[in-house]
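Peer 1: The lines below spell out each chain.
2 protein chains.
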Amino acid sequence: MKTMKISEAVVRRLPIYLRYLNELRMKDVQTVSSQDLGHKLDLNPAQIRKDLAYFGEFGKKGIGYDVGYLIEKIRQILKLDQYINVALVGAGNLGRALSNYNAYLKDNMKIVAVFDSMPDKIGQQINNLTVKPMSELVETIQANKVRIGIITVPASEAQKVADDFVKSGVEAILNFAPIIIRVPAEIRVHYADFTTELQSLAYYLD
Amino acid sequence: MKTMKISEAVVRRLPIYLRYLNELRMKDVQTVSSQDLGHKLDLNPAQIRKDLAYFGEFGKKGIGYDVGYLIEKIRQILKLDQYINVALVGAGNLGRALSNYNAYLKDNMKIVAVFDSMPDKIGQQINNLTVKPMSELVETIQANKVRIGIITVPASEAQKVADDFVKSGVEAILNFAPIIIRVPAEIRVHYADFTTELQSLAYYLD
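Chains as they are written, first to last, in numbering that gives the first Met the number 0: chain A, 0 to 205; chain B, 0 to 205.
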């Protein structure tokens, strides 16, 4: 699938296309033009055509893209046709909020385990998940073939959690802690950091 | 300040540079090379030099960048030398988690008001903020000169909140609801969506 290197910016737009395409399919819409997509998603139609052209020629001139086919292709590219188990460390407000997203993560991606180091958090119920102690992390992750780890602990604990994730064999980490974590090069880390989001938004204020 | 158009990718990296530079300053480090920055931040040093060159020539060959000067410049570019008040709608787990980030948002950016439409949320205390009813949103935002609005309500309510923000005069919106919102072209919207974060991370799994 990864015959060419796709830029991160493109990879980040694909889930956004996917969400709207899923909305269209629910309304039984069969085809969509790059103009429609651009208008709805506030993106340049030429940009959208370029993004989708990375993955082969899906659009037909004057007709547009076949919604079902495009959904299938994007799901394949993003590997959402695979089962992907996710584990989360840090059962505070943010961790609880993210665990509640399981409802949105239809497809085959799911948070299957939540961990915390605080005794008062362990045993708490978040929807159908019970917060487990850190001592069970490696075993649980390996038993559940967890591939993505989410960090929602304070900055001071994030590196230790990252080390535990690496030890247990996760392949990618989504880090919400406001700190840079060090991991081996083969582990992909994305940062989802509220402070940097707000600071980059400030740039666009007049 | 905005004499040239800077790409969103660059704007998103600036807060990441800033965080590390602040760490360096706390350790009394005076200069830093693009190699050091690149190693610490997992970015290509050439990319970093290119990013920083957008804003003028700050680096000295063989010496590197002056940490204090670079912090000052990036803060100016991101407008963090201004006071920026922020309001948040949706006092659920995510809203509470974000309100707790006020501690990290040193500088002059601060969440000054939290709103919710649910009677059981109104009046609750989140740190030093009291959750207010939606009926007070426009007045509070105008009185506090709020410039950025954060949406942490369910998808079904997000557009209505966005409309209220626009009516009250905010200039930019950070939307955590998993839905595309429609606002006038002059309002900048950033999406911080957990689902798309996870889906784009899945692409990098082998």
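Among the clues, some could well be false.
Each pair may be met inside one copy or between any two copies, as identical chains are not told apart.
[Said to hold, decoys possible] Here are the simulated DSS-like pairs of lysine-lysine, each with C-alpha atoms no more than 30 Å apart in a straight line:
id : residue 1 : residue 2
1  : Lys4      : Lys49
2  : Lys26     : Lys109
3  : Lys120    : Lys59
4  : Lys60     : Lys159
5  : Lys39     : Lys49
6  : Lys72     : Lys120
7  : Lys26     : Lys159
Read the hints as simulated data drawn from the structure, not as lab findings.
Peer 1: Run every hint past the structure and note whether it holds.
Peer 2: To see whether the hints hold, each was checked on the structure:
1. Lys4 with Lys49: Answer is both: 14 Å inside a copy and 21 Å across each meet the 30 Å cutoff.
2. Lys26 with Lys109: Only inside one copy: Lys26 and Lys109 sit 25 Å apart there, 41 Å across copies, limit 30 Å.
3. Lys120 with Lys59: neither (54 Å within a copy, 50 Å between copies)
4. Lys60 with Lys159: Intra 53 Å, inter 36 Å, cutoff 30 Å: neither.
5. Lys39 with Lys49: within (17 Å within a copy, 33 Å between copies)
6. Lys72 with Lys120: For Lys72 and Lys120, neither the intra-copy (41 Å) nor the inter-copy (42 Å) Cα distance is at most 30 Å.
7. Lys26 with Lys159: between (46 Å within a copy, 22 Å between copies)
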